[in-house]
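Asker: For reference, the chains in residue letters:
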Amino acid sequence: MALRRAPLEYNRMWQMRVWLFAVFFFLYAPLIALVAFSFNDSKRNTVWRGFTFKYYDKLFNDQDLLVAFANSLTIALVAMLISLVIGALAAVLLWRYRFIGKTAVEGAFTLPIVVPEICMGVAMLLFFTRVLPWPNNLFWPFNLGSIIIAHVSFCFPFVALVVGARLASFNKEQEEAARDLGANDWQAFRDILLPHIRPALIAGGLLAFTLSLDDFVITFFTSGPDTITFPVKVYSMLRFSVTPEVNAASTMLIVLTIAVMALMMVVQGRAQKKG
Amino acid sequence: MATRTQERRLTFLATALPPIVWVVVFFLAPLAIVWAYSFGQNQGLTEVDISGTFANYTRALQPLYLGIFAKSIFVAGLTTLLCLIVGFPVALSIVFASERWRAWMLLLIMLPFWTNLLIRTYALIAVLRTEGYVNFTLEWFWTNASWLMTLVGLQPLGDFTPLQLLYSNTAVVVGLVYVHLPFMVLPLYAALDRLDKSLIEASLDLGAGHIRTLLLIVVPLALPGIISGIIITFVPALGAYLTPDLLGGPDSQMIANVIERQFKKANDWPFGAALSFLLMYATFGAIALRAYFSRGKPASGGHGI
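So the sequence lines, in the order shown, correspond to chains L and Y. In this text, residue positions in the first sequence follow our numbering: the first is 1, and each later residue adds one. In this text, residue positions in the second sequence follow our numbering: the first is 1001, and each later residue adds one.
These aren't lab readings, by the way, just hints derived from the structure by calculation. Here a beta-carbon is modelled for each residue, glycine too, at the ideal position from N, C-alpha and C. Keep in mind that a hint or two might mislead.
Said to hold, decoys possible - Here are the simulated lysine to aspartate or glutamate pairs, EDC-like style, with alpha carbons at most 16 Å apart:
| # | chain 1 | residue 1 | chain 2 | residue 2 |
| --- | --- | --- | --- | --- |
| 1 | Y | 1197 | L | 9 |
| 2 | L | 43 | L | 64 |
| 3 | L | 43 | Y | 1131 |
| 4 | Y | 1071 | Y | 1099 |
| 5 | L | 58 | L | 41 |
Unchecked claim - Stretch-level coverage of chain Y by chain L, calculated; a stretch enters the list once three of its residues show a Cβ under 8 Å from a Cβ in chain L:
| # | region |
| --- | --- |
| 6 | 1122-1135 |
| 7 | 1164-1171 |
| 8 | 1214-1227 |
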């Protein structure tokens, strides 16, 4: 047997193949079933009764759900934009400057990644009820402000990580050359540094967008009755029962996430080809 | 000259202030408030008196809450162990796959990772519940087995009673493994990929079997990565909220669920704050452990030669 395959071709071993198949089946079967049964013409979720779009039809007529969806997209978009600015500045700060307390600042920027979601949710709840009560009579989209702030706080460190990794490959001489040729700091940033980190900004932005769109726990603690997001709405739906409507709503979110991810990969692939 | 320095200083401030102010006001300050609350006590319905008491922490050390902590650590540990067992062969396989397959397999591992946590948990509910796919499949086998037995002249099996898979500790562990598997596979892959493959070949050439090679060569060399994977999986599993909430029964609460209850139903914010900080200390401990082990990384790389 050892003669028939090279020693390191573990993937030719049948045991390995069975194992891989089992693992990927475990990972994907539930999700595929979830998507498939959103098209099932039956309230009971286990037997296939025929193809239908009626649950999607229902979703598109469900006012609450549509509002929640619009809220989620708005929050994700705004949180992404703010995270991009804050995250990129954080990355540039750590990359370019030496200053007193740099290690502490660096630690503070990575802390949101490691702090358990529940603790962060609780902290945001306390902050927005006791210290900075967010006025709840603001009109849309300003009533989403507290959720957006909470989302930026956990999204921007990821942007900073992605941008920081990209900055490591920047040739500082380029910027010095620009300065020697008379550019001021802002011009040097805009014309030299910004084009270099653009792929990282796009990737980091999409990452922040997905993170914000997916977040449940932290939003759960910051959202009020008028500021329901899509995951929070789905949560309240599935607390009651397993219904095809929830399947349809989930499928929509899965498709959106896959679309954002595909976009992210295209951007990264292009950046790799260039760089 | 002076204007140049001024410009430099201005640029520095423009770069430094927004992120630092943000992290201080919208992240560190909220955490500091939780920390302060953990030394306070309820006064009336919404008033909290921050009196510097340790009562919340002593209460957290009661057997009931210690038990929940111990259970959370056990569940997270078991999850991590299962992820390691399930994920190690997968990571190994990705490392030895051809270029094209490797990209696809990495994508397949990451895709569920990007799918909403809530949705993945919901997908598992549909699989595990009494009318779920697992029970449906079992019922099918049961009926057919029953039919086969009548065919050969035996008594048919009794009625199929669906297994109660959901709302149990098992369901929570299955759910946590399901959700955290990518956390384990990706660092394992990174560690195994860096490994010098010729060492494995040498070991095999010199007569060691696959298992022996794995245990004596691969595992020790990839140990920093393995520890990294263990901690990266353990930390979010320890603080898991949704999975025990949706898949667990009344006895499968983890710390995060108890914390949530203090802040919502029980309305005992100071105690919830104390529990949150205990969870954070545990998390930081685990991360410090990782930093400690990864410090030895260059040294172990040197040993390889």
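Asker: Take the hints in turn and mark each one as holding or not.
Answerer: Comparing the hints with the structure gives:
no. : hint              : result
1   : Y:1197 <-> L:9    : holds (11 Å)
2   : L:43 <-> L:64     : violated (21 Å)
3   : L:43 <-> Y:1131   : holds (12 Å)
4   : Y:1071 <-> Y:1099 : violated (42 Å)
5   : L:58 <-> L:41     : holds (13 Å)
6   : 1122-1135         : holds (count 10)
7   : 1164-1171         : violated (count 0)
8   : 1214-1227         : violated (count 0)
Of the numbered hints stated above, those contradicted by the structure are hints 2, 4, 7, 8, listed in ascending order.
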